[in-house]
Amino acid sequence: MTTSTKLVELLYQLEAQLQKYELWQQTMPSPEALQSVEPFAIDTLDPHEWLQWIFIARMHALVESSQPLPRGFSIEPYFAEAWKQEPQYAELLNTIRTIDELCK
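If you're matching positions, the sequence shown starts at 1 in UniProt numbering and goes up one per residue.
Be a bit skeptical, because a hint or two may be false.
[Said to hold, decoys possible] Label-pair distances were calculated between CB atoms; the ranges are:
#1 8 / 32: 27 to 33 Å
#2 97 / 27: 26 to 32 Å
#3 32 / 71: 26 to 32 Å
#4 84 / 22: 17 to 23 Å
#5 34 / 69: 20 to 26 Å
#6 101 / 31: 31 to 37 Å
#7 35 / 101: 27 to 33 Å
[Claimed, not checked] With a cut-off of at most 27 Å between alpha-carbon atoms, the simulated BS3-like pairs for lysine-lysine come out as follows:
#8 104 / 84
#9 84 / 20
#10 6 / 104
#11 6 / 20
Simulated from the structure, these hints should not be mistaken for laboratory data.
Ideal Cβ positions, reconstructed from N, Cα and C, are used throughout, including at glycine.
Kindly produce the complete structure, drawing on both the sequences and the hints.
This is the structure:
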């Protein structure tokens, strides 16, 4: 299985988990919120919004256009900190960690 194929599976898994925990949104944030220059758009988006509208969307776009995938990122520590009071999100963190490891 290629890295891209595995990544797509993990992205769909992450989407399903966001839906399971009712974090998936039907309405996109404002264009201004999506244009934040802060890491994780921390000043304009909640963590789950960044996952849905920035990370998942961009990763799907890269795969669909056969562009090189980013390497060497680690987003799980941010989500572990952001959700430290949300133990029910452990499976989300596991999926995010797996994506980090896949894209080393």
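- Which of the numbered hints above does this structure break? No numbers; nothing is violated.
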